[in-house]
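Just so you know, the sequences run in chain order A, B, C and D.
Number 388 marks the last residue of the first sequence (the working numbering); no jumps.
Number 388 marks the last residue of the second sequence (the working numbering); no jumps.
Number 388 marks the last residue of the third sequence (the working numbering); no jumps.
Number 388 marks the last residue of the fourth sequence (the working numbering); no jumps.
Hints should not be assumed to be uniformly reliable.
The list treats identical chains as one, so a pair stands whether inside a single copy or across any two.
[What the hints assert, rightly or not] The list that follows gives simulated cross-link-like pairs (lysine-lysine, DSS-like), each with its CA atoms no further than 25 Å apart:
| no. | residue 1 | residue 2 |
| --- | --- | --- |
| 1 | Lys383 | Lys365 |
| 2 | Lys384 | Lys205 |
| 3 | Lys151 | Lys76 |
| 4 | Lys384 | Lys365 |
| 5 | Lys151 | Lys126 |
| 6 | Lys365 | Lys218 |
| 7 | Lys151 | Lys384 |
The set of hints was computed from the structure by calculation and includes no laboratory data.
There are 4 protein chains.
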Amino acid sequence: MDWITHSYMGRRGVAKGHAGREHQLTEAKQGAYRYVYGPYAEPVLHIEPGDVVVAETQDAFEGKLKTEQDVPSEVLNMPFVNPQCGPIHVKGAKKGDVLAVYIRSVLPRGPQPAGTTALITEFGGLVSTGTTAMLNPPLPERVKKMIVTPEGVQFNDKITLPFEPFIGTLGVSPEIEAVTSLQPDYWGGNMDLPDVAPGAVVYFPVQHEGAYLYVGDCHGRQGDGELCGVAVEMPATVTLQVDLIPNWAIPGVRLETEDFIMSVGSARPMEDAARMAYRDLIRWLVADFGFEESEAYFLCTQAGKLRVGNMVDPKYSLGASIKKAYLG
Amino acid sequence: MDWITHSYMGRRGVAKGHAGREHQLTEAKQGAYRYVYGPYAEPVLHIEPGDVVVAETQDAFEGKLKTEQDVPSEVLNMPFVNPQCGPIHVKGAKKGDVLAVYIRSVLPRGPQPAGTTALITEFGGLVSTGTTAMLNPPLPERVKKMIVTPEGVQFNDKITLPFEPFIGTLGVSPEIEAVTSLQPDYWGGNMDLPDVAPGAVVYFPVQHEGAYLYVGDCHGRQGDGELCGVAVEMPATVTLQVDLIPNWAIPGVRLETEDFIMSVGSARPMEDAARMAYRDLIRWLVADFGFEESEAYFLCTQAGKLRVGNMVDPKYSLGASIKKAYLG
Amino acid sequence: MDWITHSYMGRRGVAKGHAGREHQLTEAKQGAYRYVYGPYAEPVLHIEPGDVVVAETQDAFEGKLKTEQDVPSEVLNMPFVNPQCGPIHVKGAKKGDVLAVYIRSVLPRGPQPAGTTALITEFGGLVSTGTTAMLNPPLPERVKKMIVTPEGVQFNDKITLPFEPFIGTLGVSPEIEAVTSLQPDYWGGNMDLPDVAPGAVVYFPVQHEGAYLYVGDCHGRQGDGELCGVAVEMPATVTLQVDLIPNWAIPGVRLETEDFIMSVGSARPMEDAARMAYRDLIRWLVADFGFEESEAYFLCTQAGKLRVGNMVDPKYSLGASIKKAYLG
Amino acid sequence: MDWITHSYMGRRGVAKGHAGREHQLTEAKQGAYRYVYGPYAEPVLHIEPGDVVVAETQDAFEGKLKTEQDVPSEVLNMPFVNPQCGPIHVKGAKKGDVLAVYIRSVLPRGPQPAGTTALITEFGGLVSTGTTAMLNPPLPERVKKMIVTPEGVQFNDKITLPFEPFIGTLGVSPEIEAVTSLQPDYWGGNMDLPDVAPGAVVYFPVQHEGAYLYVGDCHGRQGDGELCGVAVEMPATVTLQVDLIPNWAIPGVRLETEDFIMSVGSARPMEDAARMAYRDLIRWLVADFGFEESEAYFLCTQAGKLRVGNMVDPKYSLGASIKKAYLG
């Protein structure tokens with residue numbers, strides 16, 4: 061794609077946005093999946109900037125919710141959920157660099173119905189949870205299976221929704237922490253942000269030698285906020301082109317498509333995630349696009365967009381974006 | 061427009077969505093503008109269901125920020141900001157009914173530059189305020205004027221943004237309260253939600269005999285969140301077609317366009333506004349579209365949209381919506 | 061009491077803290093109780109600085125929950141709850157002044173059991189509400205009656221709690237708003253803060269000519285946060301000594317006892333209420349006690365106290381205080 | 061102390077609350093301090109239930125802020141702050157058990173002035189931070205040193221505050237995560253809660269074989285909320301008696317003194333921490349003290365206390381408590 065040439069990855073990446081060698085990260089190659097983002101696991105793959113990784117991800121339940129009769133509380137075993145492929149070691153990556161991940165495709169794999177959503181006790185945006193702790197009785201558990209193909213998500217007999225796949229959990233390792241793959245943070249992780257989709261380049265601030273890229277938790281589609289906490293979860297084949305941008309100090313995750321740039325904030329309460337995202341976007345406009353700070357603040361006020369990724373995970377993730385066409 | 065026939069207003073309104081008599085609510089007719097949404101002011105206009113009102117609104121600063129040299133803290137006099145037209149008495153409206161307001165047009169009026177944005181001390185989404193109270197020094201005050209026409213908003217010499225006007229503050233009176241026009245709530249008010257735009261029908265739960273409709277605070281355009289607290293404020297000519305739907309119990313503001321239905325929540329922290337909006341949307345799907353509750357919860361999870369109206373007012377306003385095409 | 065001589069009321073009040081004429085504000089004299097704090101009602105009493113008011117308040121349910129068999133949702137009629145005595149007009153009070161209210165006593169009145177607590181649907185700190193809107197089923201409604209005397213609150217057969225009465229709702233009118241008596245704000249109102257108790261002087265920033273003092277909603281005692289939303293509600297006889305401090309610009313409610321000074325913040329989320337309270341306390345230390353700002357910030361860090369008044373009302377109220385003994 | 065016999069530790073601990081062998085965990089024995097709570101480090105000490113550990117903790121800055129002329133941003137190196145002693149392996153501890161830690165003493169050690177507080181850029185309860193991200197300019201950095209002895213904390217020339225020491229950071233390892241020692245959570249960590257003080261027994265839910273106890277970050281005293289983010293930090297000698305309670309399922313940290321029991325919640329926003337704490341306290345009353353749930357809810361409403369530990373760390377920590385005397 062042409063715009064990639066002019067993207068940050070194309071202009072500043074070690075591989076200039078060119079694809080290198082392709083690696084297959086199959087289930088067999090992965091072996092045990094990972095449940096934390098951290099530096100303590102041995103890499104399952106070593107790649108160089110520019111290399112392409114084709115990874116076989118599991119769904120967030122590691123395939124344990126097989127039928128609509130399954131009961132989540134009986135088959136899931138916390139904290140062993142949201143399994144991740146990785147870590148993938150990227151040669152030369154070090155703290156202070158940025159890992160660029162160009163998402164080339166996300167496709168469902170495995171038997172149909174490939175898609176799963178569910179009501180999990182004490183989890184979700186509209187129920188009492190372990191943190192927004194209430195005394196109200198819980199809702200009944202429920203599992204819903206959906207056929208998911210590139211032609212659509214068969215929500216039920218009457219409703220088919222567009223297939224708009226993306227990666228729920230993607231990022232690099234923290235420096236010394238190992239954090240549950242359920243949590244998003246400045247290094248990425250479980251952002252559940254639908255913009256992390258084919259066609260986007262996502263930028264992560266490297267914290268640890270080799271970056272240690274993780275990926276998992278693909279979704280066939282999702283509404284804003286991932287309301288009940290469980291999107292159209294599916295096992296997937298994910299194709300990622302990875303590049304390395306040396307010496308780019310960014311405080312958190314950034315993202316770029318042909319049309320817009322976006323900063324991501326992950327925090328609670330939700331307004332703090334919005335503040336993080338917008339402040340970083342303003343600083344980005346000042347640093348790279350010649351804006352005076354108050355002018356950038358005004359521009360985001362009049363033309364910024366907010367995307368609510370999730371309102372259910374340990375931190376909520378929001379993306380603040382602005383169209384490239386508005387940047388003068 | 062054809063879809064109006066099939067809207068709630070068209071199907072259940074007293075006037076069946078048909079336009080009645082047109083009323084001019086000029087500056088002269090309005091006289092003193094209003095700074096609270098409440099039942100204690102005398103109506104400036106009495107209308108019947110179906111009537112059309114053409115109102116001359118002031119900008120949020122009542123025109124006091126005339127040049128970029130004006131200093132907000134010197135010319136503004138709290139709490140006398142965000143002046144409103146109204147109240148407009150709607151014949152037959154009573155508690156338990158819904159006032160339907162079909163927005164036909166919002167156009168800038170008065171001399172150019174008609175648009176104003178500003179940095180106001182202790183106000184905005186990315187600064188210390190009276191509630192998110194910090195010890196950090198404030199940003200300098202600043203006023204920015206912009207030419208606003210239907211062809212666009214001239215943000216600066218290099219950037220012209222699309223003209224996408226809407227009404228920042230619109231609603232009905234609470235039952236016994238009189239609340240600052242700076243605040244949004246279940247009766248409407250200062251939602252600063254860009255979907256309250258030409259082409260939409262907005263539904264308000266009537267609290268007081270005659271509904272007491274207020275309108276003001278139009279914007280030439282605005283980004284999600286109204287980040288610095290001040291959109292492209294402009295004096296405007298607003299054309300509203302008002303109808304009355306008897307006996308429709310809704311807990312807060314709802315909205316409808318040709319393509320989607322939306323519930324609005326206003327609260328802090330932001331996740332509570334999102335919860336309010338989504339819960340009402342789910343209950344709407346259950347009550348009117350035949351969904352079982354968990355199925356509606358799943359559908360909003362996979363296909364709901366969240367619009368962050370404002371993240372700066374006394375309550376944040378978010379709209380949760382779903383496409384009519386997805387309702388089966 | 062001696063310390064009153066050295067209080068703000070004693071030093072700067074028009075009446076120098078001396079008690080003047082006593083007024084009886086009986087149920088009969090009050091007539092209709094009030095459900096908003098606002099300037100639109102006619103005063104029921106006119107007093108002068110220094111005067112003492114003995115008011116007969118109703119409980120928050122206006123006595124409608126008479127037995128443990130009563131069902132709140134059947135007998136309560138929103139928004140007509142939390143009835144208030146007042147408004148009381150204080151001669152000479154104007155915007156920019158402070159109304160000082162010295163609470164001399166709060167005693168239960170009427171037949172026993174005088175105390176009532178209850179579980180109200182969609183209300184309380186540990187249940188789904190209209191704002192923290194969940195889909196979980198509600199808890200059953202329940203009413204609990206308790207004998208309340210100066211000797212104690214008979215919680216049940218086994219447990220008697222100390223009688224530690226205070227005023228749940230107390231304050232002055234906003235300038236142009238009329239706000240439900242359920243809400244606390246910078247003018248006071250429904251703070252539900254146990255420090256608003258006999259022996260304290262509470263300071264309110266006057267917004268409207270005559271101040272328009274309101275009082276109601278007394279509690280026999282309450283834990284921090286008023287967890288289920290309903291304290292030991294009781295009808296009471298309240299004795300207040302009212303004074304006027306001219307030209308004291310305070311941004312919200314302040315409070316003083318013999319031992320400490322306190323600033324009150326009311327906001328959501330709860331950290332914002334804490335920030336408001338602590339920031340005002342720091343500014344108070346700087347303005348009146350000779351502290352440099354960072355030194356005051358350090359002192360509050362090491363010696364400040366936070367009292368969570370309520371975590372259930374439309375805004376949460378917290379008091380930040382510091383012992384007078386620590387002020388050097 | 062007699063009450064220990066009747067405490068949970070005394071009644072249900074493997075060692076019945078009796079002190080066993082004493083271990084010295086000196087600086088030399090500790091070697092490198094730890095910056096995460098996790099299972100990936102090798103234990104520095106192996107103990108048995110009942111054993112006593114005397115640990116030499118560093119202050120939160122590892123002694124790098126030596127004078128008031130030091131500049132935090134120049135000498136601190138994130139994330140290597142808040143150094144911890146440990147992990148300490150407790151024989152027999154396994155997931156599903158509770159580690160009981162009886163705090164016998166916390167005494168300052170090292171040269172005077174032993175106490176340090178500071179203003180750190182982008183950190184604190186009343187300033188813009190990385191999460192509550194504002195555009196306002198920061199406050200100047202500042203370091204303040206204080207002499208700290210059991211006789212008092214010399215805040216400045218005029219003010220001496222009581223010595224009321226406690227442990228800021230204490231807890232066990234998560235199961236698979238390794239989390240920064242700056243963060244509190246259900247396993248303990250950086251709660252900065254002044255009740256974690258000599259005379260208290262703190263209960264932690266074991267997640268990992270051997271429990272892996274960590275301790276550090278002692279404070280000479282602290283106000284509620286730890287407002288600027290930095291208490292009276294001091295290197296300390298800490299004496300802990302550790303016991304093990306098999307098969308006690310608790311969802312987070314609990315605490316007991318002679319007079320009260322307390323549940324701790326750590327979350328953002330602050331009301332969620334309060335909800336977690338109070339809900340657990342109610343469930344505790346139901347499980348162990350014979351209360352029906354609504355009766356426990358009422359009792360906490362009328363007699364519960366909330367302590368705001370910190371309002372500055374990645375999660376805020378609050379303790380909800382009730383006097384043992386009120387439990388009938």
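Against the structure, the hints:
1. Within a single copy, Lys383 and Lys365 get their C-alpha atoms as close as 9 Å, and across copies as close as 19 Å, so both meet the 25 Å cut-off.
2. In the homo-oligomer, the alpha carbons of Lys384 and Lys205 lie at most 25 Å apart only across protomers (23 Å), although the nearest pairing inside one protomer, at 39 Å, exceeds that limit.
3. For a Cα distance limit of 25 Å, the shortest separation of Lys151 from Lys76 inside one copy, 15 Å, qualifies, whereas the shortest one across copies, 55 Å, does not.
4. Taking identical chains as interchangeable, the C-alpha atoms of Lys384 and Lys365 lie at most 25 Å apart whether they share a chain (12 Å) or sit on different chains (23 Å).
5. Neither within a single protomer nor between protomers do Lys151 and Lys126 lie at most 25 Å apart by alpha-carbon distance, with minima of 38 Å and 40 Å respectively.
6. In this assembly of identical chains, the alpha carbons of Lys365 and Lys218 lie at most 25 Å apart only when taken from different copies (20 Å versus 32 Å within one copy).
7. Taking the closest pair of Cα atoms, Lys151 and Lys384 never come within 25 Å of each other, the shortest separation being 31 Å inside a single copy and 49 Å across copies.
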